[in-house]
Amino acid sequence: MELKTQNLVYEYDSGTDYAKRALDGVDITIGKNEFIGLIGHTGSGKSTLIQHLNGLLKATEGQVLWNGRDIYSAGFDRRELRGHVGLVFQYPEYQLFETTVLKDVCFGPKNRGLSEEDAICRAREALTLTGIDEKYYESSPFDLSGGQKRRVAIAGVLAMQPEILILDEPTAGLDPGGRDEILGRVAGIQRETGSTVILVSHSMDDIAEYVDRIIVIDKGCIAFDDVPVRVFSHVEELEKMGLSAPQITYVMHTLKNAGFNVDTDAITVKEAVDSIMGQIRPHF
Amino acid sequence: MFKDITLGQYYKTDSVIHMLDPRVKLAGTLIYIITLFLGKSFFMFIPAAVFLVSMIILSKVPVSYVLRGIKPIIPLIIISSVFNLILTPGNVLVGFWIINITSEGIYMAVFMIVRLLLLITGASILTLTTTPTKLTDGMEMGLRFLKVFKVPVHEIAMMMSIALRFIPILVEETDKIKKAQMARGADFESGNIFKRAKAMIPLLVPLFVSAFRRAGDLAMAMEARCYHGSEGRTRMKPLIYARRDYIAYAIVLGYLGLMIVMAVFGV
Amino acid sequence: MSIVKAENVIYSYKRKDDETEETKPVSALAGVSLDASEGEFIAVLGHNGSGKSTFAKQLNALLVPDEGTVFIDGMDTKEDKYTLDIRKTAGMVFQNPDNQMVASVVEEEVGFGPENMGVPTEEIWERVERALSSVGMYAYRESNPSRLSGGQKQRIAIAGILAMEPKCIVLDEPTAMLDPKGRIDVLEVLHKMNKEQGVTIIFITHNMEEVTGADRIFVMDKGKIVMNGTPREVFSKVEELRDLKLDVPKVTKLAHELKKRGVILPDGILTSDELAEALKHYQNTPV
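Protein chains in written order, with my numbering: chain C, 1 to 284; chain E, 285 to 551; chain W, 552 to 838.
Hint data in this document are derived by calculation from the structure and do not stem from the laboratory.
These numbers come from a predicted model, not from an experiment.
A hint or two may mislead.
Unchecked claim - Label pairs and their computed distance ranges (CB to CB):
| # | chain 1 | residue 1 | chain 2 | residue 2 | range |
| --- | --- | --- | --- | --- | --- |
| 1 | C | F76 | W | E790 | 51 to 61 Å |
| 2 | C | H253 | W | K565 | 48 to 58 Å |
| 3 | E | A503 | C | E237 | 39 to 49 Å |
What the hints assert, rightly or not - The calculated EDC-like cross-link candidates involving lysine to aspartate or glutamate, where the alpha carbons are at most 20 Å apart (straight line), are:
| # | chain 1 | residue 1 | chain 2 | residue 2 |
| --- | --- | --- | --- | --- |
| 4 | W | K632 | E | E515 |
| 5 | W | K632 | W | D617 |
| 6 | W | K810 | W | E784 |
| 7 | E | K460 | W | D636 |
| 8 | W | K831 | C | D263 |
| 9 | C | K270 | W | E680 |
| 10 | C | K219 | C | D27 |
| 11 | C | K58 | E | E473 |
| 12 | C | K32 | C | D70 |
| 13 | C | K110 | E | E473 |
| 14 | E | K521 | W | D818 |
| 15 | E | K460 | C | D168 |
| 16 | E | K463 | C | E98 |
| 17 | C | K240 | W | D730 |
| 18 | E | K463 | C | D13 |
| 19 | C | K32 | C | D13 |
| 20 | W | K732 | C | D205 |
| 21 | W | K811 | W | E790 |
| 22 | W | K732 | C | D206 |
| 23 | W | K639 | E | E473 |
| 24 | W | K608 | W | E572 |
| 25 | W | K556 | W | D649 |
| 26 | W | K556 | W | D627 |
| 27 | E | K296 | W | E693 |
| 28 | W | K718 | E | E507 |
| 29 | W | K743 | W | D766 |
| 30 | C | K20 | E | E456 |
From the three backbone atoms N, C-alpha and C, an ideal C-beta is built for every residue, glycine too.
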C-alpha cells in the first residue's frame with residue numbers, strides 16, 4: 001500500500017484575480033503502518049492537503065497516486081478510494097444522523113456495498129476499538145456526551161476499515177480526559193490494525209507524545225518531513241511559521257541555559273525525566 | 285452554485301444611489317414595479333427602461349454584474365413565455381395537435397419577457413446598492429406604521445437580518461457535512477430522483493440539528509446582551525433623511541405621474 | 552467588595568423521557584459556592600459535564616437557582632426586576648464565536664448590546680470605538696465577521712460585551728474552538744482588560760495552560776467545587792487533577808515526575824525558570 005502526491009498544486013478561484021495557491025507543489029509518500037503528525041499554522045494548507053488524499057478535492061496541477069494509479073484518471077473509482085483512505089473531519093460528531101449509534105456506524109460499510117450483517121459486524125468492531133460500550137449501540141447518537149459522540153463518529157469512518165486513517169484535530173474542544181482517551185484509542189488502532197494514521201493537530205505536545213514522523217506544512221509547501229526529534233530541533237524556523245516546539249523542549253532549553261547539561265532533544269515528559277535524572281544525583 | 289445569484293448581493297461603489305436612504309430606495313423600487321403593471325402596451329416600457337438605465341448608470345455598478353442577476357431566473361422566463369405562447373387564444377399562425385401558436389401569443393410572450401427582465405433588473409439594483417442591514421433597517425422604519433395593526437415589524441426585521449447573517453454560515457456548513465458524508469462513501473451524484481432524495485437524508489438531518497443548536501445558542505447570547513424586543517431600544521445608525529432623499533422622492537413621484545398619465549390616456 | 556457571590560447553588564435540568572413522557576430532573580449543580588471580589592481574575596476549571604457551563608449561565612440570570620442564591624453586585628438573580636441590570640453588570644461570552652453574532656458588520660455587532668440598553672446614538676459610537684480599540688480590532692470595524700478568524704471573532708464578541716461597560720465578564724470556554732494563536736490573543740486581551748480597566752473576569756475552561764495567570768482557580772466536578780486556591784496550590788495536586796479528567800502544565804508534570812524519582816523540589820512549579828531555580832542545589836553535586 002502506498003499513497004503518494006507528486007507536485008500537488010491547488011488553487012482557489014483559479015483563473016480569476018482572487019486566485020490563491022493553497023497548495024504549491026506538495027510531494028509526500030505515505031507507507032504502511034506509519035503514525036504521522038501533520039502540523040501547520042491555520043491557513044497553511046493542511047486541511048486542503050488531506051482532502052486531496054481521498055479525492056474530495058481535485059488538484060489544479062500534479063497527481064495523487066494510490067498504489068501507483070492516478071486517482072484523477074478516467075475510470076478510477078474515488079468513492080472506493082474513500083474506503084481505503086478514511087478521513088475524519090474536525091468536529092465529526094456534527095455528521096451523525098441516524099436513529100441509533102449502530103446504524104450510524106453502519107452507514108460507511110453499507111456505502112462500500114457490504115451486506116447488512118457484514119456492516120453490523122464491522123460497526124461492532126469499530127465501536128469496540130473506539131471504546132463505546134455495547135449498552136449504547138441502540139441509543140440515539142444525539143443523547144451521548146460530547147466525547148462519546150466524537151468516538152462514534154470516528155468509528156463511522158473506522159468501520160470502512162481504511163488502510164489510512166486521517167484525523168483532522170480529533171481532540172478539538174475536548175477536556176484533557178477526553179483528549180487522552182481519543183489519542184490513546186487512536187494509537188491502539190494504529191498498533192492493532194496495522195493501519196497508517198495521519199494526525200492533524202495544533203498541539204505539539206500531543207504530536208510529540210504519539211507520532212513517529214512529522215510533516216510540517218507552511219504556505220502550501222512541505223517545510224519538514226522527518227522524525228520528531230529532528231523536526232523539533234528547528235525551533236526558530238517553526239516559530240517563524242506560527243508553530244512551536246513542545247513545552248518540554250522549552251523547559252529543557254531553559255535548564256540548559258541555567259547550566260544543566262541536559263538533552264534539549266527531549267520532547268516528552270518521560271524523555272525529560274530520564275535526561276535530568278542522568279544529570280543530578282538525588283539526595284537519598 | 286451560490287456564486288451566480290446576484291439577487292441579494294451588495295456591490296460597493298461610492299454612487300449617489302448607494303448613499304440614498306434605504307426607505308427611498310424601497311419606495312422607489314415598489315413604485316417602479318407597480319408602474320410595470322400599469323399598461324398593456326410596449327410604449328409603457330420606454331419610460332420604465334429609461335428610468336432603469338439611468339439608475340444603473342448612476343449606481344456605477346458594472347452592467348455585466350447587473351445582468352448576472354438575470355441568469356438564475358432564465359428558466360422562469362422560458363416557462364412563462366412558453367405558456368403565454370401556447371395558451372393565448374386568437375389568430376392562429378401555426379397549429380398542430382392541440383397546440384396553437386397565435387400572433388397574440390407571440391405578442392404576450394415577448395411582452396412578458398420584457399416585463400420580467402425590467403422587474404428583476406430593477407429589484408437587483410436595490411439589493412446591489414443597499415447592504416442587507418440597511419435594507420432591513422429601511423423596512424423596519426418604513427413599515428413602522430404597520431405596528432398599529434399589531435404587525436411585529438421590529439421582530440420581522442430582526443429575523444431577516446439574522447437570516448442574512450447565517451446564510452453564508454449554513455452554506456459553508458452544508459458543504460462541510462456533504463464532504464464528511466462523502467468521506468464515508470455517500471453518493472450524492474448518481475441514481476434516479478428517488479435515490480438522490482434519499483441520499484439527502486444524511487445531509488439534511490445534521491444540517492437541521494446544527495441549525496437548531498445555533499438558533500438556541502444565538503437566542504441565549506442575544507438575551508445575555510440585554511435584548512428584549514424593540515422597547516426602549518436605541519439605534520447606532522438611525523435613518524435620517526437628507527436633501528438628496530427628498531430630491532429622489534420627487535424624481536420617483538414625477539416618474540409615477542408620467543406613467544399614470546400614459547396609462548390613463550391609453551398609450 | 553464582592554461582585555459575584557454564589558451561595559450553595561443547586562440546579563437541575565428537566566429532561567423529558569421519550570418513552571415514559573415523564574420529566575426527570577438531571578442534577579447539574581449540587582451546591583456551588585463562589586465569591587469573587589471586584590478586579591479579580593478567577594478561573595473555573597472542570598471537565599466536560601462537570602457543571603461549569605451551567606454555573607456560568609447562573610451568573611447572567613440566563614438560569615436561576617432551584618435552591619441557594621446568586622448575587623451579582625448585590626442583586627439577587629431570582630428577582631425579575633434586576634434581570635436587565637444583572638446582564639449589564641455581568642456580561643457573557645460564549646464558546647462558539649459564530650453562534651453569538653447578530654450583525655453582518657463588526658461595528659454593528661459591537662453596538663448591539665448598547666442599542667438594547669437604550670444608550671444614545673452618539674455614545675454608542677464612542678463605546679464601540681473604545682471597545683474595538685481595546686481588543687485591537689478597530690481596523691476591522693467595517694468588515695463582515697464571517698471573514699475573520701476564530702480568535703478575531705471571539706475578540707469582537709468580547710468587544711460587544713465591553714461596549715456594555717460591565718463590571719464583570721463571564722467567559723464560557725471562549726478558547727475551546729480556537730487555534731493556539733487565537734487563544735493567546737484572547738487571553739492577552741482579557742488580562743489587559745483586567746489590569747487596566749479593573750474588569751472582574753470569570754474565565755471558564757478546561758485548558759490548564761491558560762489559567763496559570765489567574766488570581767484564583769476553582770475546580771468543579773459533579774456540580775460541586777472540589778478544589779480552590781491559587782494556581783500554585785491547585786497545580787500541586789497533580790494526581791487529584793488527573794482523576795478529575797484534567798491535567799497540569801507540562802513543566803509542573805515534569806517536576807512532579809522528578810519528585811516521584813526522589814528529586815527534592817517544592818510543590819506546584821509553574822514555569823521552567825522556577826524549575827531551573829529549584830534544581831540549582833543539585834548543580835554542584837558531582838554525578
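Hint check results:
| no. | hint | result |
| --- | --- | --- |
| 1 | F76(C) <-> E790(W): 51 to 61 Å | holds (53 Å) |
| 2 | H253(C) <-> K565(W): 48 to 58 Å | holds (54 Å) |
| 3 | A503(E) <-> E237(C): 39 to 49 Å | holds (46 Å) |
| 4 | K632(W) <-> E515(E) | holds (16 Å) |
| 5 | K632(W) <-> D617(W) | holds (18 Å) |
| 6 | K810(W) <-> E784(W) | holds (16 Å) |
| 7 | K460(E) <-> D636(W) | violated (40 Å) |
| 8 | K831(W) <-> D263(C) | holds (17 Å) |
| 9 | K270(C) <-> E680(W) | violated (50 Å) |
| 10 | K219(C) <-> D27(C) | holds (14 Å) |
| 11 | K58(C) <-> E473(E) | holds (16 Å) |
| 12 | K32(C) <-> D70(C) | holds (19 Å) |
| 13 | K110(C) <-> E473(E) | holds (17 Å) |
| 14 | K521(E) <-> D818(W) | violated (56 Å) |
| 15 | K460(E) <-> D168(C) | holds (13 Å) |
| 16 | K463(E) <-> E98(C) | holds (17 Å) |
| 17 | K240(C) <-> D730(W) | holds (16 Å) |
| 18 | K463(E) <-> D13(C) | holds (19 Å) |
| 19 | K32(C) <-> D13(C) | violated (35 Å) |
| 20 | K732(W) <-> D205(C) | holds (16 Å) |
| 21 | K811(W) <-> E790(W) | holds (12 Å) |
| 22 | K732(W) <-> D206(C) | holds (17 Å) |
| 23 | K639(W) <-> E473(E) | violated (51 Å) |
| 24 | K608(W) <-> E572(W) | violated (27 Å) |
| 25 | K556(W) <-> D649(W) | violated (30 Å) |
| 26 | K556(W) <-> D627(W) | holds (10 Å) |
| 27 | K296(E) <-> E693(W) | holds (12 Å) |
| 28 | K718(W) <-> E507(E) | holds (18 Å) |
| 29 | K743(W) <-> D766(W) | holds (14 Å) |
| 30 | K20(C) <-> E456(E) | holds (19 Å) |
When each numbered hint is compared with the structure, violations occur for hints 7, 9, 14, 19, 23, 24 and 25.
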